[in-house]
Amino acid sequence: MVIVLGLIGVGLTRINAGLYHQTVAQVTHVQTTDRNTTTDEFENKDKTLVQMVTVRVLNKAHRGRTYRIKNTYTRSGAMDQPYRVGDQVFLRIPSSQHNAVTIQGLKRDTALAFVAWLALALLLLIMRFSGLMAFLSVALNAVLFYAAIQIDLATNGGHIYLLFGVLAVLFAVLTLWLVLGFSRQMVVTLGATVAGTGLAVIISLIVFAVTHERGVTYESMQYVTQVPRPLFLVETVLGSLGAVMDESTDIVASLFQLKTERPDIAPRQVFKSGIQIGRSIMGPLINVLFLIFMADTFAMTLLYLRNGNSWGYTFTMNMSLGMVQSLISGIGIVLAIPVASWLASRLMPKEVVA
Amino acid sequence: MNTITVLGLILFGLMTLIGGKTGATAFLSLLFNFGLLFLAVVLISWGFPAMGVSLVIGTIILAFTIFFGEANEVAAKPAYMAALIVMVILVLIIFPVENWIMAQGFSLEDSEDLEGMSLAIGVSFIGVAVTEAILSTLGAIAEAAIAIAAGLSEILAQHPQLPTKRLYIDGISIGKQIIGTTFNTLFFGFFGGFLALFIWFSGLHYSFGSVINNKIFVAEVLMVLFSLIGVILVVPVTTWVMTVQHRQQVKHRD
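Chains A and B are the protein sequences, given in the same order.
For reference, each letter of the first sequence is one residue, going 1 to 354 in the numbering used here.
For reference, each letter of the second sequence is one residue, going 1 to 254 in the numbering used here.
So that you can see chain A by itself, here it is in the shape it has in the complex:
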């Protein structure tokens, strides 16, 4: 039922042009008029093509009108793309007649909604209620995230450490509360998460100070509109937070389980078991973050390599920040293991015996 409704929702994004402030148009006809082979200074061969795109406007004042627009694109399509019949695009229609109408970009909401629908449908089909809870927690976190960004902008990034530090703790509280409910187990997990992440930050700040941040190229950070260094640290903390929570949850849950099964177990033994469990989780978990952080840099790295830069320079400019991020997260993930095990062994309820 929900799934069918979702699919109808996806379909509706094809005809939601009325909701947009921008002018939306649909491509009705495409004709390739010219093709050229180009070679750049690094001997990269590419094809440049020109197509005449006929579009019919779907909303606003110019609704129903058709325009013929010239679109130049390359085969590789780094910044440009060909348009196909049926694509919906955003148009800029200048008020004066002399300027040409241009295509600003593809309307991607239908495809995006489709993939989101696919993920949600699978989630509900296989996980039922648990899937819904997982989704809810992500949605609530997204709202918090949005609110924090607004506050950050309002204060012009002045209190970024404080703001996102508080936010990170809030994230952890909210997420763990949704997963575990409010219990002693949740408090232990929360403690481990905050302590693990905090220790990782302290260690990295010390390393930064000792090595004078050599090889950390803040200037290569993308999309920066505020002071890069704090932004980078905050990104790293937020990025690793989920993984540290994930791990602490697993360890603490297993240890509480253990305590229920063997109420007479000694704290020392609990600690040992915790380390044991952590061992097998940490490797894959660090790899999860590592691959996420590094995959993002792929396109730019490729561009650097093809523009005749050396491997070393390409790495420094594109991958080094992702690497530092992965390493700091990794340290957080590893440190959370003894912290979680120790906290669990100390704070486990003794009255379980009864």
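A few of these clues could be false.
Sample of chain B residues facing chain A (criterion: CB under 8 Å; computed from the structure) [unchecked claim]: (1) I60; (2) M102; (3) E109; (4) M117; (5) A120; (6) T131; (7) A150; (8) T182; (9) L195; (10) A196.
Quick list of the computed label-pair ranges, beta carbon to beta carbon [to be verified]: (11) B:G20 <-> A:V143: 33 to 43 Å; (12) A:T225 <-> B:E154: 44 to 54 Å; (13) A:T225 <-> B:P163: 53 to 63 Å; (14) A:V143 <-> B:S207: 27 to 37 Å.
Some chain B residues flagged as far from chain A (calculated, every beta-carbon gap over 12 Å) [as the list claims (entries may be wrong)]: (15) V56; (16) S136; (17) A157; (18) P163; (19) T164; (20) K215; (21) V244; (22) H246; (23) R247.
Because the hints were derived from the structure by calculation, they are not lab data.
In this text the structure is predicted, and so the values were computed from the model without any measurement.
The beta carbon of each residue, even a glycine, is placed where N, CA and C say it ideally should be.
On the provided structure of chain A, position chain B as indicated by the hints.
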């Protein structure tokens, strides 16, 4: 010394201290994965087709992550099989979607970084986008597959005569336990790293409509969604691989 080297040494030390031999090999797998990732970019830049490169490199990365991180071989083998199956299914989803949505390459927001660069490099950026998407999902797939396979093999060790139907129910129930926290790993992993971009969007007052059609935003959300789909699919697939294997072992014994 370089900051990266020092941080790397600290991580290695901590992993060995806490994880012993498993920790040391896990660190090694991280190094190998980095090498493979870089190799993938270099191969594509030499003109090898992105799809082929991502499938081959993906297969190897999964192997390193799963076999180096997990000491228990009974769990590692079915986990690897399941992860491979899920990777192939994901490729079948990712490839058409990336061709449809065209969120490849760079956007206007990247202009500053692109100054002085030649963009016409003759490599299909759609292919690169597919590679990025596939590689970014692998870690999550591997992690979930290991968690489920390890849980199920534990159950099987204690109750070797468990009927396959029961095993399937157990698999899904382990999946339910891990899915919530795995979602958070992915959510924070992706969005934490894009804080700067979101501040940019809000600071320049992008409308909701512009954001959800923005190339970089769409590419990023797609990667999260693909990873989610991967993790969700891992649950039934791993359970299925385990049941098939279990059935064969039972037959052997008779």
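Cut-off 8 Å, beta-carbon criterion: hint that T182 of chain B touches chain A: For T182 of chain B, the interface hint holds, since the closest Cβ of chain A sits about 6 Å away, which is under 8 Å.
T225 of chain A paired with P163 of chain B, Cβ distance criterion 53 to 63 Å: Because 59 Å falls inside the window, the suggested range holds.
Given as non-interface: V56 of chain B, which should sit over 12 Å from chain A by C-beta: holds (16 Å)
Restraint satisfaction for M117 of chain B [CB to CB of chain A, less than 8 Å]: holds (5 Å)
Verdict on H246 of chain B as a residue remote from chain A, using beta-carbon distances over 12 Å: The assertion about H246 of chain B holds, with a minimum of 20 Å to chain A.
A157 of chain B non-interfacial with respect to chain A [C-beta, more than 12 Å]: Holds, because the least Cβ-Cβ distance between A157 of chain B and chain A comes to about 15 Å, which exceeds 12 Å.
Hint status (Cβ of T131 of chain B to nearest Cβ of chain A, threshold 8 Å): holds (6 Å)
Non-interface claim for V244 of chain B, where every Cβ of chain A lies beyond 12 Å: Its Cβ never comes within 12 Å of chain A, the nearest being 18 Å, so this holds.
Least C-beta distance from T164 of chain B to chain A larger than 12 Å: Its Cβ never comes within 12 Å of chain A, the nearest being 18 Å, so this holds.
M102 of chain B as an interface hint toward chain A, with CB separation required under 8 Å: holds (5 Å)
Per-residue hint verdict: I60 of chain B, partner chain A, C-beta under 8 Å: violated (13 Å)
Interface hint compliance - A150 of chain B to chain A, C-beta minimum distance less than 8 Å: holds (7 Å)
When the structure is compared with the earlier hints, violations turn up for hints 1, 14, 16 and 20 and for no others.
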